Amino acid sequence: MGTNSSMTRRDFLATSAAGLVIGFFLPGGGKRLLAEPPAGGGASLNAFLRIAPDNTVTVLLKHVEMGQGVATSLPMVIAEELGCDWKNVKSEHAPAAPQYFHTAFGMQITGGSTSTWESFTQLRKAGATARAMLIAAAADRWGIDSKACTTENGFVVNGGNRLSYGDLAEAASKLKAPKEVALKEEKDWKLIGKRVKRLDTPDKVTGKAEFGMDVKRPGMLYAAILRPPFGGKVKGFQCDVARSLPNVVDIIEIPGGVAVVAKNSWAARRAAAAVVVEWDRGDGAGLSTAKMKEEYRALAKTRGAKAAEKGDAEAALAKAGKVIEAEFELPYLAHAPMEPLNCTVEIGEDGCDIWTGTQSPGIDQAAAAKILGLKADKVRVHTPFLGGGFGRRANPRADFVSEACEVAKAMKVPVQVQWSREDDIRGGYYRPMWTSRIRATLNEKKMPAAWSHTLVGQSIMEGTPFGAMMIKDGVDVTSVEGAANSPYLSSIPDHRVELHSPKSPVTVLWWRSVGHTHTAFVVECFIDELAWAAGIDPVNYRLDLLKDHPRHKRVLEKAAGEFGWGNELPVAHAAGVAVHESFGSFVAHAVEVSVENGKVRVHRVVSAVDCGPVVNPDTVEAQIQSGIVYGLSAALKGEITFSQGEVEQSNFHNYAILRMTEMPKIDVHIIESTDPMGGVGEPGVPPIAPAVANALFMLTKKRVRSLPIRL
Amino acid sequence: MKFTLNGKPQEVAVPDDMPLLWVLRDALGLTGTKFGCGMGLCGACTVQVDGKAARSCATRGGDVAGKSVTTIEGVAAGDSPVVKAWCELDVAQCGYCQPGQVMAASALLESNANPSDDDIDKALMGNLCRCGTYQRIRGAVKRAVEIRGGK
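Chains W and L, in that order, give the protein sequences. Read in order, the letters of the first sequence are residues 82 to 792 in the numbering used here. Read in order, the letters of the second sequence are residues 1304 to 1454 in the numbering used here.
Just chain W, with the same shape it has in the complex (with noise of 0.2 Å):
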């Protein structure tokens, strides 16, 4: 197996078998469904938009909200096509339905950096045939041809006649949509590429934005769930105090716990905390951080299954003079979204419906269709904004949502059940646990010659339906991504990479950049490590090694320029640099770092990005500085432990995040680019840890090889 053989995110989404997902994921195999009406009024010309008499689009969108922009992006595509005023823009999310299926992933979901460039075409085509269907509607008024016609900013327009868009919507919407239109072209783009204003600002700002902890339903209950510890089940539980307290309704058991219902969020939190659970602990009731170390460290001193090989890189390391050789340890992290998992269910006479910030509606259609025993088309799925996602709010086993279906289910009434922050920490789904050991070898060029590189830490994907299309010959492509196809190792004639996938009660599941959390600080650790010992300057010595790949070579350029590399900085302050491509893009980050009364300080960011052509320079910049907060609370902070089968985090005094006093300066540069569109929500996250540890070197000639970062 060569090493560019490694399936990428992206060949996955190329190649994976569709139907296959959606056979799993609705019962019912997938049989489409027809549109919904609309809700809001206004004429639908296709599944993408509707218009009303006032002229107002609304974009619906196949994506959800989750702080990365799409709201506003998503309906700059279709407006563009469209010809509309911006002004009359609106969007909302859509309901689930297979019209919305990611055109690559076979099933309706927001993650994996997609929605931008996944959505892109057939965004286009959709509000380029709603506006053909226009052109035909007014045709038809005026007794012309269509080919007289054409629009101007939400009007079709033949030569002083006139007519809106919310004027024709109605009949428009009653003609056959055309099979091929064509698309503008780039030079007439009047959005893509804009910095336009975000949809869902004024809405955020002032509270009025709803969220899911923030729907309201007549007669709804408030619930608070005990949830076992990993690998745990209820035993038995004492509540009489609990069940004593005012405004406590009921206290039930479940699949997942023990439920407490109340009238109020407040009684239900209290009388949760009165409530004793015996726990039947299992297999997780001896969780120790200290020993799955051990084990891991252990571990990958063996051989594992082979991610990818080229030559013999045993051989070269065993004939090899010096070796250098490193271990990385990184944590168990927590999502903390700033909104808390939530989720409300109402079960009628006509099906169910469910509130929930969702990332995979599909997923928790189908889960929440097989608890409720009903047909997947009679739980529909009503999704608010997501207070953040990161991965959290997708998950393959629906886990919030079945809890909550199972306590409306018991109770016959609307009820919601609210995840507190303790919760959230304690509640697993963590990007997993990872061990890294590599050993290398120098050539008299000083540049890699072997490379034998051994990753231990769970699979995301096994024992989720993704298993069967992500998981190859023992080896899931997410647990090796940015180290399996590493482009350093296109270069390194002797290299093997290879990854031991131990099981653990622990849930996992993506977080924020997924492998790419682990691999990239891996990687450029020890590539750095290798620049020192060869004594080349980092950035020279990758950007040699980067030689036939531009786009890495390109970003890193421009973010060391930007930065600065080389020049003078203030006393006791150190640079460092890193450079990653994960989810179709490709980020640069230098850094400047100084330690200030034993903390690490990092005073600025300087950022290059290439995702290909940009629809919203904006949201791109945002996103970009997301990921490097994000990126930099877990270098800095982030640790989820255990000890005698306990989470030892809680809240944000010790699962801390970035605060204010702690923010660098970041400058992002979005490199001009007509190389493939990637994605940005997640492509900011993996350079920023490496980046911060290589710099740190530089003041204490040290070597970062844990996180979070420990001086």
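Quick caveat, the hints were computed from the structure, so don't treat them as lab data. Since we're looking at a predicted model, the values are computed, not measured. The C-beta atom is built at its ideal place from N, Cα and C for all residues, glycine as well. Check the hints yourself; a few may be wrong.
What the hints assert, rightly or not - Derived, one-sided and incomplete: chain W residues facing chain L with beta-carbon distance under 8 Å:
#: 1; residue: Gly363
#: 2; residue: Ser707
#: 3; residue: Tyr711
Got chain W sorted already, so can you dock chain L onto it with the hints?
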């Protein structure tokens, strides 16, 4: 319990020890104030009590009896330079923490019309943003100072 809510008298029948956050959200239906941590650690629930920023999740409802409470709904109903600045700079991403950020920034500007960078950082360090919008928040506070006619 009687208090002033967004400038108007308010009466509500809730236990004294119910946190103000839940009085506002569950009893009074004002959902702009957000639950984030329940321990006064994240600032998502920030309101103003007698003009000062307060964590409503860690404030007993009974403790605001007779006092004046302002929530994001109150600030948004007025002509808020902070809201304007936040919109101009497109600060929000997921948006969940932003009402709390706006409340903290508004309280800062009421007590300090020309805050330094350090003042801004310190006043807002208790308000967490998982999307990492801090850079734009800094910019928006400065813009709000300009809109208010400060320096």
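How the hints compare with the structure:
1. Gly363: violated, 29 Å
2. Ser707: Cβ of Ser707/W sits 4 Å from chain L, so the hint holds.
3. Tyr711: holds, 6 Å
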